[in-house]
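Residue numbers (our numbering), protein chains in the order written: chain Y, 1 to 288; chain W, 1 to 370.
One or more of the hints may lead you astray.
Claimed, not checked - So the derived label-pair ranges between C-beta atoms look like this: (1) W:D131 to Y:L13: 48 to 54 Å; (2) W:P244 to Y:L100: 55 to 61 Å; (3) W:A142 to Y:W161: 41 to 47 Å.
Unchecked claim - Some chain Y residues well away from chain W (every beta-carbon gap over 12 Å; in silico): (4) L29; (5) M91; (6) Y224.
Just so you know, the hints here were simulated from the structure itself, not pulled from any lab data.
Glycine included, each C-beta is placed from N, C-alpha and C at the ideal position.
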Amino acid sequence: MNLKVQNNKAWFLVLPVLLLVAFSAVIPLMTVVNYSVQDIFDNSRVYVGTEWYREVLNDPRLQASLIRQFIFSGSVLLIEIPLGILVALMMPTKGRMASLCLVVLAMPLLIPWNVVGTIWQIFGRADIGLMGAFLNGIGVNYNYASNPTDAWFTVLLMDVWHWTSLVALLCYSGLRAIPDAYYQAAKIDQASAWAVFRYIQLPKLRNVLVIGVLLRFMDSFMIYAEPFVLTGGGPGNSTTFLSQTLTKMAIGQFDLGPAAAFSLVYFLIVLLVSWLFFTTITHLDNKK
Amino acid sequence: MAEIHLESLAHSYLEQPTKPEDYAIREMNHVWEQGGAYALLGPSGCGKSTLLNIISGLLNPSEGTVKFDQKNVNGLQPNQRNIAQVFQFPVVYDSMSVFDNLAFPLRNLKYPKDRIEKKVQEIADVLELGDLLHRRANNLTADEKQKVSMGRGLVRDDVSAILFDEPLTVIDPHLKWKLRRKLKQIHEKFNITMVYVTHDQLEASTFADKIALMYEGQIVQFGTPQELFEEPEHTFVGYFIGSPGMNIIEVSIDDSHAVFDNIRIPLAQGLIGQLTKKLSVISSSNIKIGIRPEFVAVLDESADNSYECSVLDVENLGTYKILTLQLGEQKIKARIDEDQIAPTEKAFVLFPEQSLKLYLDDYLVREESI
């Protein structure tokens, strides 16, 4: 016996959000998919199948910038995550100093990205920049405009300066959420400072760190404005990352088809890496 | 192993305490002897947990000293005092297994591996955690977690003392009794000083040899459960211990009688003498008499020195009955056996002299010892 009333009118309630998502995400994305399988030239369009995909995947320029991108994001994570945790651990827990630290830490996060690029562009200049001129003054031959190592160093330093605060703030909030009882129990159990960190703080920071790693991976993987303003991708192509390569392709050369195919590959890489990371972490947690 | 002395100890959470009410712990002197099983009993907010945290070193007292075996330990951290404490709500290290949790304090103390294994196994057996040793601690139920929490306090056999801060709050009632028995067994086996904080008098009297009863930041009585029951040194002890608590009646004194509502109750000569002596030093009109419901004799007929009262209520609690009686303007409780027939309208009560207590400013007046 089926007493359930068949009424699917509730689906109409989903309609507004469906429209919203369609216009803000699905339709633009589908346009890109559409472009990626066609050759567009003035008003003529030719269907080319997977040709653009094969082309971009075999393009050595793109491969090189993909490798650079992974090295960059990896370095960013390796530096910013431990540094952020360290900063959070060293911050005062209450009082005026705590508020002051929070304000100072939040500052870099409030500066527009291209302004950050400009700040470092000037700060690092070998002739007049505070850091650049100082380094040269003490005998270090430093010039980010001509030396790829210096350029990498500056871009990384800039990103660390700009984004470590985010990790630190996330960790700080995570640390504040640990009940006092844990610290008291650890004191009673004669735990060393390292044991407190390893067995209490770090496990309790797990969730905020997952978010921190994901955010920092995605953001650094999509970085554009800061290195663009700072080095313009140079010297040579040494600091040209994926999004800059993409922009050159789409806007500079107007290769819409390959650029569309590449955008999708780019998007899938970000999605795949984030998904892999997230599932591995969640899986590890459930296994025990 | 240590004897713990509290000397002129006081604590206030305020920076500049002025009134006595500003103190969470009012000035006290107290000794916890080595190897004793003690309960610290009192209502919520009386300062029990504060006192416990001061003993363990989580909190520094604002005044006075804590001594372990005559050594001043003020300012020493809990790890330097070598003390174990179990908290009201379970604290387990989520990322570790039950075994690692129990082994954690021992590993921090750099015990040899085989000794850790033996000790953990021993405690796991006592607490019946044997089957769970390799489970991860965050998947346990609340009472399993609390057992782990307790286990971490119990694995160390070299501690000065083990302090329990209402450890059985989150435990199921049927397990509570069992765990209390376990603690008692562990106490007997290892002869470690244990201080057990609770607000439950039954818990206190089943666990402890001696109970310290706290009220408004002070230990108002320290004695065996029987002493607390029979000789309450403070009206609060009378009220708090026993179910129902002591009948306490405000009285005035007239010619060696306690008088209230035109009822005159004769007092022992020794008591009167002592009271007069005390009143010559301090003047106070705060005089009370107290008698436990268990000691009030209820009769059907008038007898010598009996007082007539009307029966307001009879509660049958299975093995005994509680009568609520009106005597003058006062309501008093009396406890009678289940086989005694409860009077329905009128009853006569007797207050046996040796059970009738006299209080001046809420503190017991004892008979002069001759």
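A quick look at each hint next to the structure:
no., hint, verdict
1, W:D131 to Y:L13: 48 to 54 Å, "holds, 50 Å"
2, W:P244 to Y:L100: 55 to 61 Å, "holds, 57 Å"
3, W:A142 to Y:W161: 41 to 47 Å, "holds, 46 Å"
4, L29, "holds, 40 Å"
5, M91, "holds, 22 Å"
6, Y224, "holds, 38 Å"
Going through the hint list in order, the structure satisfies each hint without exception.
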